[in-house]
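> Starting from the structure of chain A, add chain B where the hints point.
The primary structure of each chain is shown beneath.
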Amino acid sequence: MKSLLGIVLVTIGMPALAQHVHDATEQQAPTDPHAQHQTDEASAGPHAGHAMPPKASEPKDPHAGHQMPSSAPMDAHQAHVGHEPGIPDPPVKGPSAAALVGPAHAADDVFGVSAMAPARNIVRKEHGDIKSGMILIDQLEATIGEGKDGFAWKAEGWYGGDINRIWVKTEGESRFGENPEHVEVQALWNRALDPWWNLQAGLRQDFGTGPDRTYAVLGVKGLAPYWFEIDGALFVSNKGDVTVRIEGEYDQRLTRKLVLQPRVELNFAAQDVAELGIGTGFSTAELGLRLRYQFVPEFAPYVGVEYERALGGTADFRRARDEGAGGWRFLIGVRSWF
Amino acid sequence: MTALIERRSFLRAGAASLVGFSMSGLFPAWAQTGSAGLAPSSPTLAGDDIHLRIANSTFTVGGRTGHAVTMNGVLPAPLIRLREGQNVRLHVENMLDEDSSIHWHGLIVPFQMDGVPGVSFPGIKPRTTFTYEFPIVQSGTYWYHSHSGLQEQQGHYGPIVIDPAEPDPVAYDREHVIVLSDWTFLHPHHLVTKLKAEGGYFNRQKQTLLGMIEGGPEEKMSASDRAMWGRMRMDPTDIADVTAATYTYLVNGHGPRENWTGLFRPGERVRLRFINAATMTIFNIRIPGLPMTVVSADGLNVRPVTVDEFQIGNAETYDIIIQPAEDKAFTLVAESIDRSGMARATFAPRLGMEAPVPPLRPRATLTMKDMGMGGMDHGSMAGMDHGAMAAGASAAAADHGSSHSMGGMNMRDKSKVPDSVKVGVGVDAIAMSPVDRTGDPGVGLEDVGHKVLTYRDLMSLTPNPDTRPPQRTIEVHLTGNMERFMWSFDGEKFSEGVEPIRFERNERARVVLINDTMMTHPIHLHGHFFEVVNGHTGSYPRKHTVNVLPGGKVSFDLTADAPGDWAFHCHLLLHMHAGMFRVVTVRPLEGEAA
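Chains A and B are the protein sequences, given in the same order.
Be aware that the first sequence starts at 1, since it is given in the UniProt record's numbering, and climbs by one per residue.
Be aware that the second sequence starts at 1, since it is given in the UniProt record's numbering, and climbs by one per residue.
In isolation and in its complexed conformation, chain A is listed as follows (with noise of 0.2 angstroms):
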């Protein structure tokens, strides 16, 4: 049936196609020689009187050249084939001396430096001053899994220029019910390092079920080759224990709506830190596939999975507080920004 269908189109393109050519063919000639007639006589004019570049191919008869427009510029155009149009660059150079002469706003003379001043500076401000602002609700959602069902966020909020931004994160989790667990809160200074990296420093402060810290952070945030958006920071706590955390994801485009995010978050310490459970080493790893529906891409349901597994001396921890070392979880949630 395809094949067939293949043939019916193949075969109703072809003539479709010839017509085609043929078309362009009929319009190098003009259908009404009276049409150009007038155009004709004024171009002859300049052509007659000014010698052409030895470069562009003049036609030997102005008149013929006129009465198929689109000819003249075609021959010219096939005569400079592999060619740098027209003569060669002069030397860069910097303006003359008398370029710099006279009032440094030609404005000013006529309106006065009372009026312009003013209008300078919002003319400047309006050409490339944009401060902007962003939140991001990069996960909200119901985690299922081993025990109690609970929930959890992550989300950042940001505002600035282009160069300097303030930076808010916090991310958490609850189990439904109970205190939350796990909440955190960062202000960050950002300034764009290159193209696609920031730096990021400022405070993290935790809250919780365990001891509160307060931590200094030093982060790179950014966009690696191949579309890998990056997060890693260093934090340095109250007690002087030292941290490190570096997400990873990657947003692959099923369809125009349809993505899948692989995402994967690393933990590491310079120390054991009992009071949180944390061993020296690699302590923690995540690992998550989200696949959300984007009716507009600042709404986006999602459904995934997460499996997180404490390592090491972290893992150590946990058994002795007769919990696992880690499990898989179902996630069922929403990415938003505005």
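Since the hints were made in silico from the structure, they are not lab data.
Note that beta-carbon positions come from the ideal geometry of N, C-alpha and C, so glycine has one too.
Zero decoy hints are in this set.
Okay, derived cross-link-like pairs now, EDC-like style, lysine to aspartate or glutamate, Cα gap no bigger than 20 angstroms in a straight line:
{"hint": "1", "chain 1": "B", "residue 1": "Lys-125", "chain 2": "A", "residue 2": "Asp-108"}
{"hint": "2", "chain 1": "A", "residue 1": "Lys-257", "chain 2": "A", "residue 2": "Glu-298"}
{"hint": "3", "chain 1": "A", "residue 1": "Lys-257", "chain 2": "B", "residue 2": "Glu-219"}
{"hint": "4", "chain 1": "A", "residue 1": "Lys-239", "chain 2": "A", "residue 2": "Asp-206"}
{"hint": "5", "chain 1": "A", "residue 1": "Lys-257", "chain 2": "B", "residue 2": "Asp-235"}
{"hint": "6", "chain 1": "B", "residue 1": "Lys-328", "chain 2": "B", "residue 2": "Glu-354"}
{"hint": "7", "chain 1": "A", "residue 1": "Lys-125", "chain 2": "B", "residue 2": "Glu-98"}
{"hint": "8", "chain 1": "A", "residue 1": "Lys-93", "chain 2": "B", "residue 2": "Glu-499"}
{"hint": "9", "chain 1": "B", "residue 1": "Lys-125", "chain 2": "B", "residue 2": "Asp-97"}
{"hint": "10", "chain 1": "B", "residue 1": "Lys-206", "chain 2": "A", "residue 2": "Glu-229"}
{"hint": "11", "chain 1": "A", "residue 1": "Lys-154", "chain 2": "B", "residue 2": "Glu-198"}
Now the in silico label distances, taken between C-beta atoms and shown as ranges:
{"hint": "12", "chain 1": "B", "residue 1": "Ser-420", "chain 2": "A", "residue 2": "Gly-208", "range": "47 to 55 angstroms"}
{"hint": "13", "chain 1": "A", "residue 1": "Trp-197", "chain 2": "B", "residue 2": "Ser-415", "range": "19 to 27 angstroms"}
{"hint": "14", "chain 1": "A", "residue 1": "Pro-103", "chain 2": "B", "residue 2": "Asn-410", "range": "42 to 50 angstroms"}
{"hint": "15", "chain 1": "A", "residue 1": "Arg-256", "chain 2": "B", "residue 2": "Ala-227", "range": "19 to 27 angstroms"}
{"hint": "16", "chain 1": "A", "residue 1": "Val-244", "chain 2": "B", "residue 2": "His-187", "range": "36 to 44 angstroms"}
Which chain A residues stay away from chain B? Per the calculated CB distances, all over 10 angstroms, these:
{"hint": "17", "residue": "Gly-172"}
{"hint": "18", "residue": "Pro-211"}
{"hint": "19", "residue": "Ala-216"}
{"hint": "20", "residue": "Gln-261"}
Relative to the frame of chain A, chain B by itself:
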């Protein structure tokens, strides 16, 4: 019936205006259409004294009404019809609560009448009137628009037609003014906020995994090429920043469904005056079944050249002649460059007739040449005759070939640009080997199978007035960061307090625009016409706005004959707003010693 106006009547109008007779109301509604239930038609203003009132109003399209900023209550603003050699006083009253302005795009005026707040004048304060006054020294198709904030996006634009003092070298029986624009119900500042949050926010035609597996026409890119684009953190589908995801594309203020209709009698020569008044949209224009003879570009006459399609950058104007012989309707298709949507209109012998509307063509994909590598292994491609080129295949093959040799290339090699270019956060790419692309038809038009206009097809009808060779070159790099939505010249936003580009009065200089970005930028210089260096020495087309294709370059020769301060910018409004703007100074001023 009003559209059945003949050229003679316009000439009569010109005569009437000389005695100061107000023609509005009597005059044909140039933007009117026959369809029922549409926005009121736009009037025409002529004469020595013209009154414009900028105010908040509403605009309705596609059955929805939104806030607009208009002049005399209509969108587009009234057609201003002038005559070469007259003097005009334009009284502009600002009824907004914010500053406003009008820039007369393409008109040669004294700098203080050019209408750019903070550069040529202080702007028009709320509830005040500013009177522009200047002689009309040219003829052709131009337009006018706000240069304040983002008012242009809200409807603050209208057409200008200037009839020549001498007999018009272009013969025609009838004319229509075609103002193309893009309308959104979003506030323009929201457009900016969205783009700053997500550079590709409005692009809903990105490549997908399923698309790659299915292999549609929009997905013909090898896995290795995809990987290469990904490695560069560049999106080969990033062709327009703002798309049909939010825009309704308009012809004379009418959406595609409203189907603006221009009338003709079979056999007539119809002059169409195209103006791209869009904020962020470059259009590809065709009228299936009708060849179009381009007779003027940016208001100035060119030697007639017949094409099937042409690309029009923001703020460019083209006059074309069509000669429909049959008693049938034709569709005007103005596709947005990214092919996410189209403006549509109809030319027909009678109102109510329609022709088939072709579907949008597959979205184009950027090539190595768009990436600035045009000169690397096929330098001659820039000069290739596209008629002769079996376009799709050979272009794709050439592109494919070059991608393999790209392994360890630095796509941001600072040694490729002079020290004057600040390669910082705002510069995500530097064209490695940019080529002159005046012979190219524009993104996505290489393989459409018919003749598409290129700048190299354009030759001035009259000899260039100044044939002195340029004495120096000024290189300007068009730079940007697609992800952060930053745009600039030479890597510096105007807000960073950059030096003006300075010219000595009457000096002859060459400006080379090098596009390091992967987007087409229509670059506009105020107060001057410049000669686009396209091979036709002495008959270069003279323009006020020139499209610089991605990864390519355009040179223009300039006689800096207009003393004063002038704006120089990308005419994609949001690129200008993001920083792609400079002041050009020409000194000494009038009455000053050199």
